[in-house]
Amino acid sequence: MELLPLIWFVAIAVLWVGYLVLEGFDFGVGMLLPVIGRDNTDRRVMINAIGPVWDGNEVWLITAVGAMFAAFPAWYASVFSGFYLPVLVILVALILRGVAFEYRGKGDTARWRAWWDRAIVFGSAAPAVLWGLILANIVRGVPMDADGIVSAGPADLLSPYALLGGLTTLALFALHGAVFLTLKTAGPVRARARAAALRCAVVAVPAAAGFLAWTQLAYGAAWTWPVAAVAAAALVAAVPLVAGGREGWSFTATALAIGASTVVLFGSLFPDVLPSTTDPAYSLTVANASSADYALTVMTWVAVVFLPLVIAYQAWSYWVFRKRVSREHIEPAPAYGGSHTAPGTAADAGAAG
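Numbering-wise, numbering that gives the first Met the number 0 puts 32 at position 33 of the sequence shown, and it's gapless, one number per residue.
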């Protein structure tokens, strides 16, 4: 196998790790908005906790998808055509969520905010489930012919393994988001987030353990067994850590669990990038789905120059907005007049930074 396609497969896996770890916690915060936020001020605290970073987290998805398109065009084409409907739902959900963050504070009625809060919950929960569903199906394989055309129907996409994958990402992201809120907020929101994290763990730990075990037994490689063990151990360790008030270590543990689980999925997939259940000979692999060496060489130099800058900028933004957010940082919402910055949006997310 040539070196450059292998490098770019690993690079895409790393980008997906970054996306799922970082976007995972703001998906979790969005899903838990009505659970932890008892009133509008609580919900503004939660939104402000992710306000400075949620859109930057989505850059990892854009980069991962762009790298798939450039480095493995056949993989990109087959995945996004075969999973057209779930990808479309994810796209609509992400757009709706972004609009909701900006518009929930542009009206002065509880009913107005409630509708946008529902949009945030849907825009967070739908991708959380569907990304797990899609990744599980990629590992499991799909009906695909010799031309790379995927003919997967609902019965193919909604297999028990894929459904468990969707439940696992949903529960893991909810737990990850709750732990993030214990790290990033103060006061009653922090206390309720800790309680929510312990409740989420009741589902997340057995679901993730079952999904990892199924993946390893059915599709895993020898070297992914210790990675799966690290993921499981980190997830189990996160529970007593958050219960004991060790928020930083607990967040590290949930991030490690999500990251290691993603490595298990990509490691189980390799050397394929999209297995065919119709005939293994039709499978797309790292070797037969990659771009030409010249394209990969140019991409490599561009990545070497610009990727460290992007990572440094995002790390700096997290550092700048590192302080906890509490109800005391939220100014009372004035009567809506249209001439001031609307409360409760991403625009006031830097108030506590």
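Everything labelled a hint here was simulated from the structure, so no lab data went into it. The structure displayed is predicted, hence computed values, not measured ones. Some hints could be false.
As the list claims (entries may be wrong) - Quick list of simulated restraints, FRET-style, between CB atoms:
| # | residue 1 | residue 2 | range |
| --- | --- | --- | --- |
| 1 | 205 | 286 | 36 to 46 Å |
| 2 | 109 | 157 | 11 to 21 Å |
| 3 | 321 | 152 | 29 to 39 Å |
Said to hold, decoys possible - Derived pair list, reagent style EDC-like, types lysine to aspartate or glutamate, alpha-carbon separation capped at 20 Å:
| # | residue 1 | residue 2 |
| --- | --- | --- |
| 4 | 105 | 146 |
| 5 | 322 | 54 |
| 6 | 105 | 330 |
| 7 | 322 | 41 |
| 8 | 105 | 38 |
The beta carbon of each residue, even a glycine, is placed where N, CA and C say it ideally should be.
Hint check:
1. Under the hint 36 to 46 Å, the C-beta atoms of residue 205 and residue 286, about 38 Å apart, fit the expected range.
2. As the Cβ distance of residue 109 to residue 157 is approximately 37 Å, the hint placing it in 11 to 21 Å is violated.
3. Between residue 321 and residue 152 the CB atoms are about 47 Å apart, so this pair departs from the stated range of 29 to 39 Å.
4. Straight-line distance between C-alpha atoms of residue 105 and residue 146 comes to about 50 Å, which puts the hinted pair past the 20 Å bound.
5. Proposed proximity of residue 322 and residue 54 is supported: the alpha carbons are some 19 Å apart, at most 20 Å.
6. At most 20 Å may separate the alpha-carbon atoms for a hinted pair to count; residue 105 and residue 330 meet this at roughly 15 Å.
7. Our distance criterion of 20 Å between C-alpha atoms is met by residue 322 and residue 41, whose separation comes to about 17 Å.
8. Our distance criterion of 20 Å between C-alpha atoms is met by residue 105 and residue 38, whose separation comes to about 17 Å.
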